[in-house]
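2 protein chains.
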Amino acid sequence: MKIRPVKGTRDFYPPQMAIRNFIIDGWKKASLRNGFEEYDGPIFEYLKMFQIKSGDEIVEQLFSLQDRGGRDLALRPEITPTLARMVNQQINSLPKPIKWFSVPRLFRAERPQKGRLREFFQWNIDIIGVERYFADAEIIFTTVDYLRNVGLTANDVRVRISSRKLLAAVLKGFGIPDDKLDALYVILDKKAKLPSDTFEKMLAEHVPNRETLNRILTFMSVDSLPELQELIDADSDEFLAYLEVKETLAMLGIMGVGDYCVFDPSIVRGLAYYTGVVFEVHEAGGELRAVCGGGRYDNLLRDFGGPPISATGMGMGDCVLGILLEEKGLLGKSIPEKELDFFVAFADKSGGGTVYKIVAELRSRGRSAAFSYKTSAGLSKLLKEASAQNAKKCIIVGQEYKDNKLAVKDMATGEQELVDVDEFLSSLGSG
Amino acid sequence: MKIRPVKGTRDFYPPQMAIRNFIIDGWKKASLRNGFEEYDGPIFEYLKMFQIKSGDEIVEQLFSLQDRGGRDLALRPEITPTLARMVNQQINSLPKPIKWFSVPRLFRAERPQKGRLREFFQWNIDIIGVERYFADAEIIFTTVDYLRNVGLTANDVRVRISSRKLLAAVLKGFGIPDDKLDALYVILDKKAKLPSDTFEKMLAEHVPNRETLNRILTFMSVDSLPELQELIDADSDEFLAYLEVKETLAMLGIMGVGDYCVFDPSIVRGLAYYTGVVFEVHEAGGELRAVCGGGRYDNLLRDFGGPPISATGMGMGDCVLGILLEEKGLLGKSIPEKELDFFVAFADKSGGGTVYKIVAELRSRGRSAAFSYKTSAGLSKLLKEASAQNAKKCIIVGQEYKDNKLAVKDMATGEQELVDVDEFLSSLGSG
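Quick mapping for you: the protein sequence lines, in order, are chains A and L. Start counting at 1 in the first sequence, then tack on 58, and there's your number in our numbering. Start counting at 1 in the second sequence, then tack on 58, and there's your number in our numbering.
Only chain A is shown next, with the shape it has when bound in the complex:
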């Protein structure tokens, strides 16, 4: 009987697990040093919860299941609905602002593609209860702090920043009615992903007026804030949204990551729920999908039955990031597959019991230690096994043990010294 893993899922053997841990540990450390606290929710929730934010169309991409009472559940495709539910449940007792992170495992019932699997991890950081640009800048800074820490430079990745509020004000200024905006965002979000004539044809279906269409295209090609400022009036809604983006970028400059960040009005984000600053991080070469994206979503908690409280956040999956790190040579050598402080061997087979005792002593002092299960192996075979297990030192139990002494061999230098057992063990502390 031959059993396979399900397509679009991954088996994490120790080498792949080491990479996964490297990525997730990096996310956790960046979150903590930027002042976020960790939370998580269940892997499955009631199906209807995922329809509130994203509508019925997301149900197609959900893995759905039922509990034994026949209630419809789904594996979470994102954690933001869970975040909204959890925050609303304890809205009165949670100290604000809420600055939380999570590294949930998420699921999509799509056909697997490069950088898009059915099961993946996603780093999420969110700040809830802060209306002003500080929070958006903190989210973007924390994102860049991680990318920079892992070795990606401003030449490798670019943070493209715009504002949904700015886009809405501009489009309304062009005469687009409120109730057409959400559909238009979905089209505009595709600009970078489609050939320009295909994109313009799609856009024309929603914006039949040629002049309006051209004004939209002009706005979306603006590539600096001064250029944008020339396009808009100083006493318009657009101007307030422009100021927010400007302040966010200025703060990122003060924080030393301005070289990673650009204003780019073609960043829209497909989802309907964004309300302010939005951003995506792209590989500077531009071949891959976005590494991550995020923005302000001031209405979501209210939509989930809570109070109207502002929020902003970011989500970064492990698949595209992993490909990028691999391509840039930032994985691999730096990730140890296995490390062992001590391998304990016997010089002659009578030392067996002592080996177990020494191993147990080392472990109780917090050091990693192993011994061979091959009871008939000679010392040279045992030293090979120590080496295969990446042991830093090999402890050899020999004749000297009757005088309470052990040989300790440094596996890197080959140097060997004789130590007093008790002195040696107490030099390791109590773990």
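Honestly, the hints are just simulated from the structure, not real lab data.
Identical copies carry no separate label here, and so any pair may be met within one copy or between two of them.
Derived pair list, reagent style DSSO-like, types lysine-lysine, alpha-carbon separation capped at 27 Å: (1) K86 to K396; (2) K304 to K154; (3) K60 to K172; (4) K87 to K396; (5) K172 to K386; (6) K304 to K432; (7) K87 to K451; (8) K248 to K259; (9) K87 to K432; (10) K396 to K386; (11) K432 to K463; (12) K442 to K87; (13) K238 to K249; (14) K451 to K154.
Add chain L to chain A, keeping to what the hints say.
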């Protein structure tokens, strides 16, 4: 619209997440210092994979789902089938013995009870490719190493050890035919969970001969190895199994955890697939379900389409363990909910930009740092916020900054000193 979490799942707010991380980090550290390497598999697998080991009855306890092609999948209720699949897939290239651990999230479609939820974490350690008792002793030692490290003494928990091989040999010696054994194990496993008359009545349905039944009861009440030795012949199959248990216990004694371990022939483990040493860890008081259990399963890899290769392992869930740690006062105080190295405040509001800059510098040096989003707060309010965030130190940006100096206040002692900005930052290293 009021949305609830699904019954039997858990929301991990930061305080609960801190406890979850405390438990899982402890498992990981114990695994690594005992020489295990980490692996993981997908959250869902083909449904049929879970039927190989545990039969059709487990399907009732599975959360099943379908992919878009209509194939039957299930959320994993345990990771051992995935382990068997993964090892078999790479059986020729993996160095042996295989000594792996995992901390998978698992799922059961049961009615939630105390210590038994629908979604939980389980620590798994397994050694594959070692036939002799060393491996069983390593598994049990590693289990105790964790429990001891987390503060549970030999008075709090007891490792009850027996052998499925011993039990099989004894039962066959009593005239029980081979094909009745599996059904009998399920009954015998219930001994400690049922009143003795109920248990004997159930047993009598399978063992109608009163004398045989009494011999089984006598065997299951043996409470030491010398007592067992008196019951069995020195040249029987029982004797070989007895020796294995004796050697395992002797090795655990040499390794310094003998006081945690007892021989207990009433430990059977319900599942059919155990073939040798089996064990469970119970709270010494005996009120709770087993904290963990495990044993030798020499046929499983072959049953999953691989070669006949021996294996032994242990699984420990987080629910019963969490209750036990809570009851013993081993959670709580020791677990920090939030820690912050530095909170950066301004003495007067003009310092805002400098605050961002200092925060960014601290974070880029690997220190956790935060500032207030309340731009109109005075210094005393900011110090309160620093305190609420558990900051170790508060850096105050004031008039002295024009002379390149900052005030650093120790939040525990209240002491405050003036430092040179560059000297201070470079004293923190490069992170």
